[in-house]
Amino acid sequence: MVSPDAALAALFVLPLTGALAAFAAPRAAAALAIGVSWANAALVGGLYGMVGARIALGGHAAPLGVALRLDGLAWPFLALAGALFAFAASATAGRALLAKPGAAALWLTLLAGLNALFVSADAFNLYITLEVVSLAAVALTALGGPAAGAPALRYLFVSLGGSIFYLAGVAFFYRATGALDIGLIGAAGLSGPALAAPLALTTLGLLLKAGAAPFHFWLPPAHAAAAPAASALLSGVVVKAALYVLIRLWTDAAPPEALDAAAPVFRVLGLAALGVGALGAFRATRLKALIAFSTVAQIGYAPLALGFAAGSPLAVQALVAFMAAHGLAKGAIFLAADGLRRANGHDALDSLADPGSRLGPTKGAIGLGVVALMGLPPSGGFLAKWTLAEAATAQGHWWMAPLLAGAAVLTGVYMLRLVSALVRAPACADGDAPRGWSALALAVAAVALGFSGPMLSALMLAEAAP
Amino acid sequence: MTGSAELLPVLIVGATLLSAAAIFPLRDDQVRLRAAVCLAGPAATLALVGALIAGVRSGARYEARFPFLPGDDLLLQADALSVLFVALSSALWLVTTVYALGYMRHGPNRSRFFGFFALCVSATMGVALAGNMITFLVFYETLTLATYPLVVHKGDAATLRAGRTYLIYTLSGGAMVFLGTMLLHALQGAGGFEVGGLLAQAETRPSDAALRLLFAILIAGVGVKAALAPLHGWLPLAMVAPAPVSALLHAVAVVKAGAFGVVRVVYDVFGVTLADALGVLPWLGAAAAITIVWGSVLALGQDDLKRRLAYSTVSQVSYIALGASLAHPAAAVGAILHLIHQGIMKITLFFCAGAFAEVEGVKTVSRMAGLGRRMPWTMAAFTVAALGMIGVPPTAGFVTKWYLAIGALEADGAWVVAVLLISSGLNAAYFLPIVGAAWFRPPPDDMVRPEPPPRLSVALMAVSPVVTALLVMAAALLATSIFSPLGWAQALALREFGFER
Chain A
1 MVSPDAALAA
11 LFVLPLTGAL
21 AAFAAPRAAA
31 ALAIGVSWAN
41 AALVGGLYGM
51 VGARIALGGH
61 AAPLGVALRL
71 DGLAWPFLAL
81 AGALFAFAAS
91 ATAGRALLAK
101 PGAAALWLTL
111 LAGLNALFVS
121 ADAFNLYITL
131 EVVSLAAVAL
141 TALGGPAAGA
151 PALRYLFVSL
161 GGSIFYLAGV
171 AFFYRATGAL
181 DIGLIGAAGL
191 SGPALAAPLA
201 LTTLGLLLKA
211 GAAPFHFWLP
221 PAHAAAAPAA
231 SALLSGVVVK
241 AALYVLIRLW
251 TDAAPPEALD
261 AAAPVFRVLG
271 LAALGVGALG
281 AFRATRLKAL
291 IAFSTVAQIG
301 YAPLALGFAA
311 GSPLAVQALV
321 AFMAAHGLAK
331 GAIFLAADGL
341 RRANGHDALD
351 SLADPGSRLG
361 PTKGAIGLGV
371 VALMGLPPSG
381 GFLAKWTLAE
391 AATAQGHWWM
401 APLLAGAAVL
411 TGVYMLRLVS
421 ALVRAPACAD
431 GDAPRGWSAL
441 ALAVAAVALG
451 FSGPMLSALM
461 LAEAAP
Chain B
1 MTGSAELLPV
11 LIVGATLLSA
21 AAIFPLRDDQ
31 VRLRAAVCLA
41 GPAATLALVG
51 ALIAGVRSGA
61 RYEARFPFLP
71 GDDLLLQADA
81 LSVLFVALSS
91 ALWLVTTVYA
101 LGYMRHGPNR
111 SRFFGFFALC
121 VSATMGVALA
131 GNMITFLVFY
141 ETLTLATYPL
151 VVHKGDAATL
161 RAGRTYLIYT
171 LSGGAMVFLG
181 TMLLHALQGA
191 GGFEVGGLLA
201 QAETRPSDAA
211 LRLLFAILIA
221 GVGVKAALAP
231 LHGWLPLAMV
241 APAPVSALLH
251 AVAVVKAGAF
261 GVVRVVYDVF
271 GVTLADALGV
281 LPWLGAAAAI
291 TIVWGSVLAL
301 GQDDLKRRLA
311 YSTVSQVSYI
321 ALGASLAHPA
331 AAVGAILHLI
341 HQGIMKITLF
351 FCAGAFAEVE
361 GVKTVSRMAG
371 LGRRMPWTMA
381 AFTVAALGMI
391 GVPPTAGFVT
401 KWYLAIGALE
411 ADGAWVVAVL
421 LISSGLNAAY
431 FLPIVGAAWF
441 RPPPDDMVRP
451 EPPPRLSVAL
461 MAVSPVVTAL
471 LVMAAALLAT
481 SIFSPLGWAQ
491 ALALREFGFE
501 R
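These protein sequence lines map, in sequence, to chains A and B. Here the numbering used here is used: the first residue of the first sequence is 1, the next is one more, and so on. Here the numbering used here is used: the first residue of the second sequence is 1, the next is one more, and so on.
In case anyone wonders, no lab produced these hints; they're calculated from the structure. Just so you know, these numbers come straight off a predicted model, no measurement behind them. The C-beta atom is built at its ideal place from N, Cα and C for all residues, glycine as well. Check each hint, because a few of them may be wrong.
[As the list claims (entries may be wrong)] Using C-beta positions, here's what the derived DEER-type ranges look like:
| # | chain 1 | residue 1 | chain 2 | residue 2 | range |
| --- | --- | --- | --- | --- | --- |
| 1 | A | 394 | B | 213 | 12 to 22 Å |
| 2 | B | 58 | A | 268 | 58 to 68 Å |
| 3 | A | 9 | B | 32 | 54 to 64 Å |
[What the hints assert, rightly or not] Some residues of chain B that are not near chain A, with every Cβ distance over 10 Å (derived):
| # | residue |
| --- | --- |
| 4 | 39 |
| 5 | 53 |
| 6 | 54 |
| 7 | 56 |
| 8 | 293 |
| 9 | 442 |
[Unchecked claim] Listed next, the stretches of chain A that the computed footprint assigns to chain B, with coverage defined by at least 3 CB atoms under 8 Å from CB atoms of chain B:
| # | stretch |
| --- | --- |
| 10 | 388-396 |
| 11 | 405-416 |
Just chain A, same shape as in the assembly:
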């Protein structure tokens, strides 16, 4: 039996070692990245049994040492990253990206950063890991080719700006409490401006990094210009990293009363994202632009759910389900869109046609992915919607039920622009476009997530235990 210490440390030691090896041996880099991505997925699978572990690296407990923890909130995010990295690396689009110089090392660095972020229990570590994630993500975006240069640069500036706000907030926390551990900050019982100022600063920084409306302007160009496999990771899990920190701060460092007070702001931000994303999706003319704007909309569910999370573990559970369902589905759709584009030879959204019967898995991936994004049963998106509707109506917010029901129809109508391509005749000669099995696997996972309700509940209970 592996000790929790070793297993948790392996979460970032394994990909970091892989990154160094990939840097040292460029010829074997792509194969290495694929192998390590799968090994990481297996590791995360094995960690399910250790949820609840909390370790102090080097034997120093907080506030002196660096604490890691694996709780019911962290595991779903680790699993999301694990699945996305493994399947995206194996996809044809992933292998094409990894064959570029430096890509494999960046790929594994990004994975190491994400893993470390999800198990970090302290605000400064979260900052460091956020930086690693952002820089690796920007560099991966830039690998998308000449057209990706400008969007990647903008992404970099926004990300650095976000980091400054976040770091300033953390500094205020440290000044007020002398602690960096999120739990200790929460236990310090701050109130008034001493609590509001750092919360506002960190939240602002994180919303910038997540591309949550009204700070979404940088996201669609970056996610649309990156290589397909990079887009899958960026939309699938990178933006979730900032949202994950946001959940951590508001549920662990801030008292429920603070979240309750900020709830209306979060709800408005969430609704704004849903609207802005939908509008952009209706106006998009390119395939990947549509998918990227759908990300802008879907990110809105995070602040929206946070707006009901004060004292409601159910809303947090809904939030986790939203993130996981969107991550898997969006990863699947970005990968599958690559096949659709290559079969058609262009990416003009409204004239894309049926990519042919050989690309059945690609079509299935897009179809199932859209079902999960719409939140139709029995997908993971439905689980998220139902849970959030239940949490919100239990707090007397009945308007949320029709809103969530309507959002499904709205999503369906704009995503139909993508889905109708799959059936538009005449079918194009598909040539050598990838068939899309990896994408299909992710999409099936996004739908199967709909049956994970009991598991998610159990995970959330594990978190509540001391």
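Starting from the known structure of chain A, fit chain B onto it as the hints suggest.
Relative to the frame of chain A, chain B by itself:
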């Protein structure tokens, strides 16, 4: 779950899913293998349904639960109502598959077509066997999605536009069912469908206003698929689909799932007594009556045969809602029976319409003269089904209308009898001239016949409607035998109205 027998509902849904999963990966040129797989699915399902019918007759209870949402299970169960619908669906799935194998003999994406065809039946089985509202919602939405690729099968611009309208209507309907399910959950917790009404058995009754709102939301949700006016706009547009799809949509899958939903909501969610006490039934009845007359009036003006049949469906399916709204056992028998009877009659008509178009190139009413001589078997089947729609004995339609009329008279609803008479008159006005011209007038001079399909195709397209037309007669002639749905419908109605158990 204690024994394998309780798994029967799961096996039935599973068999249909499995057959879809087996069809999708096949290449389009694997014609024989695909035909074998396509027929094996319904055959296996029919065998399972046979076992289910025998089990339910002997009083066995089938119930399988799976944990799903916080506090809500997926629940598959077989009660008498689900058995009726499951039997109809599996039998007509087999017949339609035979027909479709003849009809879809060329063109791309045939594996996709038959795969979604099976998936569509799968979702219908799920709707039939759903034991609570959440499960119903899951399959109701799945049905919407599985049908879309069938409706837009041709893939041209006009088809995609129609598919978009179809999807917007049905997704909005699904959103209403989601809302209703949410509200029901809040009012009543995680209860399942109950004969006599889930809500009627609640210990603390929610306010009348909340219940009326719930009724309106749920009926609007299922009313979209049931094409209850003014939510029927998608149905005539969906006629862009290939004939076997229209047949399935109108007889078994989409429209029927909506009508089945109306019956479930009235009888098993509210219970007819509670719904009556709330005063919501006359509203449902009025909507149904308006739909019946309005659909028939619109059908009169259609020259395109499939569009005429579509408006006729709008009208005919609402008999089910009308019967459910009357709060009388005889009318309930009529409503439940019509779930079956409308299915076998309408599927026959669509089979024939498709065959006329494929074999003789006839798509409009004005060019149907003389068809009786060219395609006597098919035209005979069409005639029987058309007479059934009008309600002429000895056909299934007569039995339905008879029970509806008796129920209406005993429930002091003479206006309903008037609606039935007007509707039958209109039915006759839009069907009899077709039948008369087809048998007694010479074909038009400028008849251009398409390349005749292979003989096997023609045979398959002729056998299917003849079989279903025989069922239309049998449903009336053998109404009192144990094989007929009438006995089931009577037993159901008696229990719903509290005369038994």
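Results for each hint:
| no. | hint | result |
| --- | --- | --- |
| 1 | A:394 <-> B:213: 12 to 22 Å | holds, 18 Å |
| 2 | B:58 <-> A:268: 58 to 68 Å | holds, 60 Å |
| 3 | A:9 <-> B:32: 54 to 64 Å | holds, 58 Å |
| 4 | 39 | holds, 21 Å |
| 5 | 53 | holds, 28 Å |
| 6 | 54 | holds, 30 Å |
| 7 | 56 | holds, 26 Å |
| 8 | 293 | holds, 30 Å |
| 9 | 442 | holds, 38 Å |
| 10 | 388-396 | holds (count 3) |
| 11 | 405-416 | holds (count 7) |
In summary, the structure agrees with every hint in the numbered list given earlier.
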